[in-house]
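Engineer: For reference, the chains in residue letters:
Protein chains: 4
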Amino acid sequence: MSGNSFGRCFVVTTFGESHGPAIGGVVDGCPPGLELSEADLQRDLDRRKPGQSRHTTQRRESDRVQILSGVFEGRTTGTPIGLLIHNEDQRSRDYDELADRYRPGHADYTYEQKYGLRDYRGGGRSSARETAVRVAAGAIAKKYLAVRLGVQIRGYLSQLGSIRPKVFDWEEVERNPFFWPCAETVPELERYMDALRKEGNSIGAAVAVVATGVPPGLGEPVFDRLDADIAHALMGINAVKGVEIGAGFACIEQKGTEHRDELTTEGFLSNNAGGILGGISTGQDIVARIALKPTSSFRLPGRTVRRDGMAVEVITKGRHDPCVGIRATPIAEAMLALVLMDHYLRHRAQNADVTPPLAPIPSAPRREV
Amino acid sequence: MSGNSFGRCFVVTTFGESHGPAIGGVVDGCPPGLELSEADLQRDLDRRKPGQSRHTTQRRESDRVQILSGVFEGRTTGTPIGLLIHNEDQRSRDYDELADRYRPGHADYTYEQKYGLRDYRGGGRSSARETAVRVAAGAIAKKYLAVRLGVQIRGYLSQLGSIRPKVFDWEEVERNPFFWPCAETVPELERYMDALRKEGNSIGAAVAVVATGVPPGLGEPVFDRLDADIAHALMGINAVKGVEIGAGFACIEQKGTEHRDELTTEGFLSNNAGGILGGISTGQDIVARIALKPTSSFRLPGRTVRRDGMAVEVITKGRHDPCVGIRATPIAEAMLALVLMDHYLRHRAQNADVTPPLAPIPSAPRREV
Amino acid sequence: MSGNSFGRCFVVTTFGESHGPAIGGVVDGCPPGLELSEADLQRDLDRRKPGQSRHTTQRRESDRVQILSGVFEGRTTGTPIGLLIHNEDQRSRDYDELADRYRPGHADYTYEQKYGLRDYRGGGRSSARETAVRVAAGAIAKKYLAVRLGVQIRGYLSQLGSIRPKVFDWEEVERNPFFWPCAETVPELERYMDALRKEGNSIGAAVAVVATGVPPGLGEPVFDRLDADIAHALMGINAVKGVEIGAGFACIEQKGTEHRDELTTEGFLSNNAGGILGGISTGQDIVARIALKPTSSFRLPGRTVRRDGMAVEVITKGRHDPCVGIRATPIAEAMLALVLMDHYLRHRAQNADVTPPLAPIPSAPRREV
Amino acid sequence: MSGNSFGRCFVVTTFGESHGPAIGGVVDGCPPGLELSEADLQRDLDRRKPGQSRHTTQRRESDRVQILSGVFEGRTTGTPIGLLIHNEDQRSRDYDELADRYRPGHADYTYEQKYGLRDYRGGGRSSARETAVRVAAGAIAKKYLAVRLGVQIRGYLSQLGSIRPKVFDWEEVERNPFFWPCAETVPELERYMDALRKEGNSIGAAVAVVATGVPPGLGEPVFDRLDADIAHALMGINAVKGVEIGAGFACIEQKGTEHRDELTTEGFLSNNAGGILGGISTGQDIVARIALKPTSSFRLPGRTVRRDGMAVEVITKGRHDPCVGIRATPIAEAMLALVLMDHYLRHRAQNADVTPPLAPIPSAPRREV
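Residue numbers (the working numbering), protein chains in the order written: chain A, 638 to 1006; chain B, 638 to 1006; chain C, 638 to 1006; chain D, 638 to 1006.
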């Protein structure tokens, strides 16, 4: 009800504030028998963690995750997996002057309208720090999906401001600090980000995530379609303002003959659907893209109001990402993994004994977004 | 789990297939004491129902809704509201030849992969006919929100293919069969649709929905943000491939100074946020836009496969909407109403006794999308 | 949230009041491919329906159930099953004088405290009439459990006032109007009930339900243990004041050596556990017993208060069961079926691919309660 | 789905095994602004913790709870409250020989049937050690209910084997290590327990819990009646085999004239209902009683089978409670508090603005069970 749990069968609950002693969570519903260690989670946590380059926040967190339960002799037991990450590098004093004023573009005002009070240190619960737990939980889902079903989930930064990749190469994505699929344009990104940092401003971005090898049949009509739940998951990431699946907003100008993905015995001929028809996976690549707003945490002054109703100016100190889209890639991957894992288990509940009349149709090549 | 219920506090469950005897549903959680009659539901059902102009499907359904329970002496009692709508104009024979083949761009293939069998008459459960029940349930939410909180929810067709309105006028929206906010361009729409019908093709569209007068504080961090739940609700409408809130995908190219909505004592100075910050309503207009794909139900032949794996051609007979976006407007309004109603009750559970330190900041003029 | 749905995977939602036009419901999550017709539901509805003998209420309801969706060509499709039962024999005028007073032992007072108003005709939503829908839904679960898993669910009246069966014979249960397992004591029951009816009073009773052939492994630690969910299901039946599993309250005076059910390779040596250990089914018979209060609907006057706070006397007219325990047997069976069905699907979600190291231990003979 | 969360609005999720590094949990949905510190939780944890007298297990755990989030400057913020309790005194070697055999009366066999593997150290997740987290979470609910609504929740041991209290005095309950309401019979209990310990056996017990000052109107018909949810909560405590409300099983032999609680303007004249009518609280004391089985952890050998199917004898070493009923009192109080808190918030969601026509009727004196 209060929104800190995600999923129905593979349920992730998170807790923790930016400047409290620790963040953590519980993963309930993981099937038993999966080989799992903290190292499996750490890899994605390290991809997300701050301070990896000069282009992200300089807060230093080792983001070491502890597994407190649910794993015995190297395997999951089917009982809940308790996760804990200690906060280390807090500078709460940076936030003292925000106690009585609402930063524009932030959740300060809305939290106080909702709860009557708020933990103002570093945004408290509204900080993207919470997403570290999602990444840890998502890594468990990713591992299960990979090991048991052969599903691979990957993401990349697909646009930063008006900069777009010129070519696309999955291999490049992990070779630069931007999760950028095009080596040629990395220097352009670096120059842009350096200028932006000097300016003290921030910029929007887009991230794409792709799941390959998803079995057909996942997703529940009519309300919990796979695409609806992906939209819920991705729009629930801090700063996201838009989600599209497959052809997405481009479909507005498409005709039916152009959009529909015809089927042959060799496979689908296109993937405008983004791997989902009628809310259920087709077996093609699932392709989603999100728009992330420019963060409102930067040092250029802005107009706002105080707790007592007075108009004031505010400058956001603290250490922040000038483009939150960069570190969002592993978070988006994690959320997509959580949705697919959850729907796989949901599907199994009702349909574990179904044999479809037709063998799955081969998946067509992915549509790049 | 099987996805036929929506909401946590104001829970709508629907049942029914396109060509079964009836569709219907249950609304559980409506507060008691609300004046309610079938006429309150019928108004929106009539806006959605087929056959209202030559530009939508010619299936004739009166879509008369019956309230079977939960209302006593003209008021809701707090017990579940049973809803029933009989199907009247079914031509199931139109679908006989689809029993063994999967229309491209349809849920035929995915339903059969999921369940092993399917009701192929008119798409069965995957038909948009099911949305009539959502509209009926949404009308209850709309009425509560209007009467008790002063919230107004409206939608319009914001793009059809490449045609966009030239001017914007709420008054126009209900004066033409397209929910189109611009009288000047209606003839252009009509010509386009007439040509499309002759061609036998279909076209995509965009719909915008706006909620005015929403109290601040609605929405639950971190997973069930108001925008995340709106995305879930709207992406769960048949044919929707994208959802954006406020500035939406345009935020990718915005800088922070441009995007953040500054606050003054007279109100917010802009509404790039679309009325939601940190997943919680600000009190500004909530603004969402969706992209609807061109339906795959049209009479131009397409390649597909049969149940036995053979490649064949298929033509979709039956009576269909060449632009499903047109009738989607009342559906999108209904879904937004259901989200807001549900979050209002969710909010009340935890925070019924909260007094925020600051009176709500006046709402700035709506950002047209 | 408002409590009109039951289950997580096999979800039953009911609607309807005693004196409205109809009662009904939705079953969501039934696996596809199950052969199902209205006749499968009618058998248990007929066992529950009023007017079967002079010992139950004389209200005449045919209780004909219609399946409105979710079944195609004689098989379930995996989509929601809509159920409808029209109310036929309402005498709402019997209740006019109850509009302003609260019958003692009834929900009149509590409904009005909760909702501020109530449908007073025949108890409205609080009437046991609603349980007809549970019986219909339970019949679907019963059929699946029987056909696919070989589970048999049966119940009987195990005590009426101070009368207990002298011998136990399952064959007798369906041969008398009391669901009584002992032919010899049926005349005693009839004499008692005739005298009670003349007196105008009511009496309590106990019902036992037994599930045979349940696979081991069903039930979710720690909160949703199988026994906890059975307790929830059975205590949720109108008039139930107590639930026990296996040895039940008798275990208070047992020592550990007496209570623990030892295991041998031939099976468990006893069944004090009632088929459940650590909240998970053992494979033995699941045995539960419930206590049902004497109904408060009878014609002897009682003290109460009016809506305006005045003290008055009240007599409950209308047609009522002098022992609600009698017709409770099929309801208790239905609820047990719903719990087992739901937990079977829940179990499958997480553990569909588990192979236990040891073949299930044979089930010991049932412990009669 | 996997059963490690409790509640809908005030949601408690627990994790942790008996012999892992820590146990803990998350409380989601606590209203903001409640004064809360670790000391508020510690009091009940100390009442439950082992080693308080020679009559309970000699495992030494300080059971110090840490609040990791959700509290800022001494008040709850409305965000999730993370709880952590480190395990300290584990002697896992005591359990090595249980790795391959199933103790009779324990969850060993059922866990392995369900999950295919199990953490055998001290019962793993099935250990009552997990209930420490419930007690911590329950203390938060208790505090809210007391401070904001004036509800008091208390429990006591109402029977141990065949020993019953001779007189009842709430004052005595916290003065002896048994939560026993009768000073006169405490020596009898001590002698009995000393003899039992020498014998190496265990004994059953009964615990009663009472909530005073509960507002009328809590509870949701039809499935989530307040009594149904109390039954779920209490039957979900380790070792519980029966639950009764108010008159409970005694109602089987009651007549209607005896059972119904008549109302006068001075209050109800009796409380056979145990404070609940039609599943909704009346405002009278809520009274529930549970039966706890004799633990199967004791040192007298018993027959069982091994993982490989061989018949063997087993002796349970380790340190155990010869009567688990004794320490169950604070656990039962906690579970009742969680149910009431959850239903208070659920009620508020739908009915926050209801004004009942009649002021609540005064509560009659509690019926002692």
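Derived from the structure by calculation, the hints contain no laboratory data. Misleading hints may appear alongside valid ones.
The list cannot tell twin chains apart, which means a pair is met if one copy fits it or any two copies do.
With a straight-line Cα cutoff of 16 angstroms, these simulated EDC-like cross-link-like pairs (lysine to aspartate or glutamate) come out [stated by the list, open to error]:
1. K803 to E950
2. K835 to E725
3. K803 to E710
4. K954 to E734
5. K954 to E672
6. K803 to E899
7. K835 to D683
8. K892 to D831
9. K954 to D737
10. K892 to E836
11. K954 to E675
12. K835 to D733
Engineer: Each of the hints needs a verdict: does it hold here or not?
Structural biologist: Outcome of the hint check:
no. : hint         : in the structure
1   : K803 to E950 : neither (41 angstroms within a copy, 38 angstroms between copies)
2   : K835 to E725 : neither (27 angstroms within a copy, 52 angstroms between copies)
3   : K803 to E710 : neither (48 angstroms within a copy, 51 angstroms between copies)
4   : K954 to E734 : within (10 angstroms within a copy, 59 angstroms between copies)
5   : K954 to E672 : neither (43 angstroms within a copy, 30 angstroms between copies)
6   : K803 to E899 : neither (29 angstroms within a copy, 36 angstroms between copies)
7   : K835 to D683 : neither (26 angstroms within a copy, 56 angstroms between copies)
8   : K892 to D831 : between (43 angstroms within a copy, 14 angstroms between copies)
9   : K954 to D737 : within (15 angstroms within a copy, 59 angstroms between copies)
10  : K892 to E836 : between (44 angstroms within a copy, 11 angstroms between copies)
11  : K954 to E675 : neither (34 angstroms within a copy, 32 angstroms between copies)
12  : K835 to D733 : neither (25 angstroms within a copy, 62 angstroms between copies)
Hint compliance for this structure: hints 1, 2, 3, 5, 6, 7, 11 and 12 are not met, and every other hint is.
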